[in-house]
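Input sequences plus hints: build the corresponding full structure.
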Amino acid sequence: MALTRFVIDGYGQLELNNVAFRRDGRVEAQCALDETDFATVPAENGMLLAVDRVNRVVKFFDSSDDTYPIALNYTTEHMYDERANALKDFKLERGTFLPRLGYLAVGDLFTTNCISYDKGSSTGQFADDDAVKTALGAIGTTPLYGGASANGTITLSTTAPAKGPVLKVVEKTTMPDGTLGVKFQVLTA
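All the letters of the sequence shown, read from the start, carry residue numbers -5 to 183 under our numbering.
Hints were generated in silico from the structure; no laboratory data involved.
Errors might be hidden in some of the hints.
[To be verified] 27 Å max Cα-Cα, derived DSS-like pairs, lysine-lysine:
hint: 1; residue 1: 85; residue 2: 166
hint: 2; residue 1: 177; residue 2: 157
hint: 3; residue 1: 157; residue 2: 113
hint: 4; residue 1: 127; residue 2: 166
hint: 5; residue 1: 82; residue 2: 162
hint: 6; residue 1: 82; residue 2: 113
hint: 7; residue 1: 177; residue 2: 85
hint: 8; residue 1: 177; residue 2: 53
hint: 9; residue 1: 53; residue 2: 85
hint: 10; residue 1: 113; residue 2: 53
hint: 11; residue 1: 166; residue 2: 113
hint: 12; residue 1: 85; residue 2: 162
hint: 13; residue 1: 162; residue 2: 127
hint: 14; residue 1: 82; residue 2: 127
hint: 15; residue 1: 177; residue 2: 82
hint: 16; residue 1: 127; residue 2: 177
hint: 17; residue 1: 157; residue 2: 127
hint: 18; residue 1: 162; residue 2: 113
hint: 19; residue 1: 113; residue 2: 127
hint: 20; residue 1: 53; residue 2: 162
hint: 21; residue 1: 177; residue 2: 166
hint: 22; residue 1: 127; residue 2: 85
hint: 23; residue 1: 82; residue 2: 53
hint: 24; residue 1: 113; residue 2: 85
hint: 25; residue 1: 162; residue 2: 177
hint: 26; residue 1: 113; residue 2: 177
hint: 27; residue 1: 166; residue 2: 82
hint: 28; residue 1: 157; residue 2: 53
[Unchecked claim] Label-pair restraints from in silico Cβ distances:
hint: 29; residue 1: 33; residue 2: -3; range: 11 to 21 Å
hint: 30; residue 1: 182; residue 2: 33; range: 41 to 51 Å
hint: 31; residue 1: 26; residue 2: 135; range: 40 to 50 Å
hint: 32; residue 1: 91; residue 2: 128; range: 30 to 40 Å
hint: 33; residue 1: 124; residue 2: 48; range: 39 to 49 Å
hint: 34; residue 1: 47; residue 2: 136; range: 23 to 33 Å
hint: 35; residue 1: 137; residue 2: 29; range: 32 to 42 Å
hint: 36; residue 1: 91; residue 2: 133; range: 31 to 41 Å
hint: 37; residue 1: 128; residue 2: 47; range: 32 to 42 Å
hint: 38; residue 1: 21; residue 2: 48; range: 16 to 26 Å
hint: 39; residue 1: 122; residue 2: 24; range: 35 to 45 Å
hint: 40; residue 1: 135; residue 2: 29; range: 43 to 53 Å
For every residue, glycine included, the Cβ atom is placed at its ideal position computed from N, Cα and C.
Set out below in structure tokens:
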């Protein structure tokens, strides 16, 4: 299996369509980014991350140790450069602010472009980004699912993930800047 990031301009964006965590307080904002997982990569909005409250860190999902709850990164964007002040320009680096994450609940709806897919192996379901776009256009007849991955992105698949949250693709749409977005509904948190 070759986990491939869907190519986007900039960093992941997120639109919260209808999520319960903002209303009922299931928010985590007191854990730092893990030093190992985020040593060379930033956290992006739309990532699904594991929350380790004992060590007060958030890290990437590990399917061999699925004992941590998974939450959606929806950190408020901070813009520091007037030349790069779009949502796609925001990233959260280790050692700056703490991320804000929401614990998912069944029925939650959100839209993001922070996605990946399995490419090129015997179980690879998509040949390239164009194949993903085609599959997203056919969700009325062939459902697609999303799940947590080892790099934080939401991995698209034609089968529901066995571990972690199960998301269903409900719409191929756009992000605020007009680029491709995927609307997910949470089936199991």
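Structure-based check of all given hints:
1. 85 - 166: 24 Å, holds
2. 177 - 157: 20 Å, holds
3. 157 - 113: 20 Å, holds
4. 127 - 166: 8 Å, holds
5. 82 - 162: 24 Å, holds
6. 82 - 113: Status holds; Cα separation ~25 Å.
7. 177 - 85: 21 Å, holds
8. 177 - 53: 23 Å, holds
9. 53 - 85: 15 Å, holds
10. 113 - 53: Since the Cα atoms of residue 113 and residue 53 sit roughly 24 Å apart, the hinted pair holds (cutoff 27 Å).
11. 166 - 113: 20 Å, holds
12. 85 - 162: Since the Cα atoms of residue 85 and residue 162 sit roughly 26 Å apart, the hinted pair holds (cutoff 27 Å).
13. 162 - 127: Distance ~16 Å between residue 162 and residue 127 Cα, so the pair holds.
14. 82 - 127: 20 Å, holds
15. 177 - 82: 17 Å, holds
16. 127 - 177: 13 Å, holds
17. 157 - 127: Satisfied, since the Cα-Cα distance of roughly 25 Å is no more than 27 Å.
18. 162 - 113: Holds, because 20 Å separates the two Cα atoms, which is no more than 27 Å.
19. 113 - 127: 14 Å, holds
20. 53 - 162: This hinted pair holds, its Cα atoms lying about 23 Å apart.
21. 177 - 166: 6 Å, holds
22. 127 - 85: Holds. Residue 127 to residue 85 sits at ~25 Å (cutoff 27 Å).
23. 82 - 53: Holds, at roughly 22 Å.
24. 113 - 85: 26 Å, holds
25. 162 - 177: 8 Å, holds
26. 113 - 177: 21 Å, holds
27. 166 - 82: 18 Å, holds
28. 157 - 53: 16 Å, holds
29. 33 - -3: 11 to 21 Å: 18 Å, holds
30. 182 - 33: 41 to 51 Å: 31 Å, violated
31. 26 - 135: 40 to 50 Å: Given range 40 to 50 Å: holds, Cβ gap about 44 Å.
32. 91 - 128: 30 to 40 Å: Because 38 Å falls inside the window, the suggested range holds.
33. 124 - 48: 39 to 49 Å: The hinted range 39 to 49 Å holds for residue 124 and residue 48, with Cβ atoms some 43 Å apart.
34. 47 - 136: 23 to 33 Å: 38 Å Cβ-Cβ, so the 23 to 33 Å window is violated.
35. 137 - 29: 32 to 42 Å: 38 Å, holds
36. 91 - 133: 31 to 41 Å: With Cβ atoms ~35 Å apart, the hint holds.
37. 128 - 47: 32 to 42 Å: 41 Å, holds
38. 21 - 48: 16 to 26 Å: Holds, since residue 21 and residue 48 (Cβ atoms, about 18 Å apart) stay within the stated range.
39. 122 - 24: 35 to 45 Å: Holds, at about 40 Å.
40. 135 - 29: 43 to 53 Å: About 45 Å separates the Cβ atoms of residue 135 and residue 29, which means 43 to 53 Å holds.
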